[in-house]
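A.B. asks: For the record, the sequence lines run as chains R and V.
Residue numbers are given in this note's numbering: position 16 of the first sequence equals residue 16, and the series is strictly consecutive.
Residue numbers are given in this note's numbering: position 9 of the second sequence equals residue 9, and the series is strictly consecutive.
Everything labelled a hint here was simulated from the structure, so no lab data went into it.
Be careful, since some hints might not be right.
What the hints assert, rightly or not - Simulated crosslink set (EDC-like; lysine to aspartate or glutamate; CA at most 20 angstroms straight-line): (1) R/Lys198 x V/Glu176; (2) V/Lys60 x V/Glu70; (3) R/Lys216 x V/Glu70.
Nothing here was measured: the structure is a model prediction, and the numbers come from that model.
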Amino acid sequence: MKNYKKLLGIGSLLIAGLILIAADHIDAPAVQGGTSDITDFYAFQGEGNNSIVFAANVQGLLSPSSTSSAEFDENVLIEFNIDNTGDNVEDLVIQAIPRDGVMYFFGPVAPNSTGLNSTILADNTMQGSVDITSYGGNAIVGTNAGLSYFAGPRDDPFFFDFAQYSAIIGGTATSFNNPGSDTFAGTNVMSIIVEVPKSMIGNSGTINTWVESKRKQ
Amino acid sequence: MKTIKLILGIVLIGTVLFSCSKEENLDEDFRNANVAGTYLQMDQMARPAINTVFVSSGSKDAFNTTIPSEQNAAFQAMFQANLQGLSPAFANDTDANALGLTAEAFSGFLSTDVLNVSTVGTTTFFDGVNVLTGRALADDVITVELLLIFGGEDFSENPGLSDDHVDANDVAFLPEFPYLAAPH
Numbered sequence: 001m002k003n004y005k006k007l008l009g010i011g012s013l014l015i016a017g018l019i020l021i022a023a024d025h026i027d028a029p030a031v032q033g034g035t036s037d038i039t040d041f042y043a044f045q046g047e048g049n050n051s052i053v054f055a056a057n058v059q060g061l062l063s064p065s066s067t068s069s070a071e072f073d074e075n076v077l078i079e080f081n082i083d084n085t086g087d088n089v090e091d092l093v094i095q096a097i098p099r100d101g102v103m104y105f106f107g108p109v110a111p112n113s114t115g116l117n118s119t120i121l122a123d124n125t126m127q128g129s130v131d132i133t134s135y136g137g138n139a140i141v142g143t144n145a146g147l148s149y150f151a152g153p154r155d156d157p158f159f160f161d162f163a164q165y166s167a168i169i170g171g172t173a174t175s176f177n178n179p180g181s182d183t184f185a186g187t188n189v190m191s192i193i194v195e196v197p198k199s200m201i202g203n204s205g206t207i208n209t210w211v212e213s214k215r216k217q
Numbered sequence: 001m002k003t004i005k006l007i008l009g010i011v012l013i014g015t016v017l018f019s020c021s022k023e024e025n026l027d028e029d030f031r032n033a034n035v036a037g038t039y040l041q042m043d044q045m046a047r048p049a050i051n052t053v054f055v056s057s058g059s060k061d062a063f064n065t066t067i068p069s070e071q072n073a074a075f076q077a078m079f080q081a082n083l084q085g086l087s088p089a090f091a092n093d094t095d096a097n098a099l100g101l102t103a104e105a106f107s108g109f110l111s112t113d114v115l116n117v118s119t120v121g122t123t124t125f126f127d128g129v130n131v132l133t134g135r136a137l138a139d140d141v142i143t144v145e146l147l148l149i150f151g152g153e154d155f156s157e158n159p160g161l162s163d164d165h166v167d168a169n170d171v172a173f174l175p176e177f178p179y180l181a182a183p184h
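Could you build the full structure based on these sequences and the hints that come with them?
C.D. replies: Okay, here's the thing in C-alpha cells:
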C-alpha cells in the first residue's frame, strides 16, 4: 500500500510538471539566468549576537572560469524587506545598488511605498557603501554606523544533491543516494551581504523578512 | 606594545580588508550615483525552494511578483494540490508532518513566503530544538524541507526521499563578516 502511494505520488508529480531547480536558482522564466535572478537568501544572527546578517545571492551556478567576468547589474536593485509588525508588509527596507564598481546601501529605513515598485531612498541618512570585491581579490568590507557591507563573488553556500533529485523526479531513480553528491560544490554566486545591529530593526522579538530584485524602468 | 597589537590586529583580520575611508565623501558619492527612477519587482524569495517546488510551472513569474501579504489568498490551493501530488505522506487529508501540520495547514503556512527570524535568540531553519527562527549558512535546509514534505508525522516515512545525504557545504564558512566563503 505504501509503495502504491509512492508511485501515485510520483506519478502525480510528473503530471503536475514540477521541476525543482534549487533554492531559488533559475526559478522562473522572467528572471532565470539573468542579473536579477535571486538564487538564495539567508538571515541569521551575526558574530557577537547583537546583529542580524542579511545575505542575498544572485546569478547562480557560476563556474570559476566565468566568475571573473560576472558583474552586478546597475539597473537591478536588491531590496531586503523587514516586517517587524507581523502583517507581512515591509516596515523597513535595506536597498543595494551598484555604480562604477561600488555597491551603495540605503537603510534600514521605511520605504516611500510598500509593494512591487520602489524608489531608492538616497536622501535618508542611513547610507553606506563598499567597493565591489573583484574575483581573486581579498574580501573588501565597508562599515558605517554599526553596519557592515560586502558585495562580490563568493562560494555558493547552498548544498543539495539536485542531480539525484532530478533523477527521482524524472523517474529514473526511486531514492536519494547515501552519501549524496552536492550539485553546487565548486560553483560561485554574486553576493550582497549586510550586517545590521538588532537595535535598528525593531524590538519585536521576531521579524519576517524576504529579498526582492527590482529592475529600473 | 602598540606594534604588537597592530600586528595582532592585522593577523586577526586575515584576508579581510576594511575600507572606511569613503565615509567622508559619502554624500557626494551618492549624489553622483544617480539612482533615481522607479524599480519594478522581478524576483523575490524567502524560504528556500518554495517557488521551485510548490508553484506550478505557468505561475512562477506571477508568484515572484505577488507581495507576501497577498500570496496566501492567491496560492494556498495550488501549494496544497502540489504538495499532495508530490508526497505520499500527505495522501490522506488527516496526514500531517512532524510539525503537526496537515497538507492544508502546511501549504497555508508556506504560501506566505517570508523567513521568520528571531531577534532575541538562536537563528536556524531547524537545529533539533529551534524551528524556523532564521536561516544560517550551515543549515541543511533541503533535508529539513524533504523531511517536512516526505517524512510524515515522525520523520519515518519515505526514508529514501526525505534526506539527500548532503549535509554540509563543500567549503567551510567564515566565523566573521562576510561569513560566506571565498569563491572557487
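A.B. asks: Sort out which numbered hints this structure fails and list those numbers smallest first.
C.D. replies: 3
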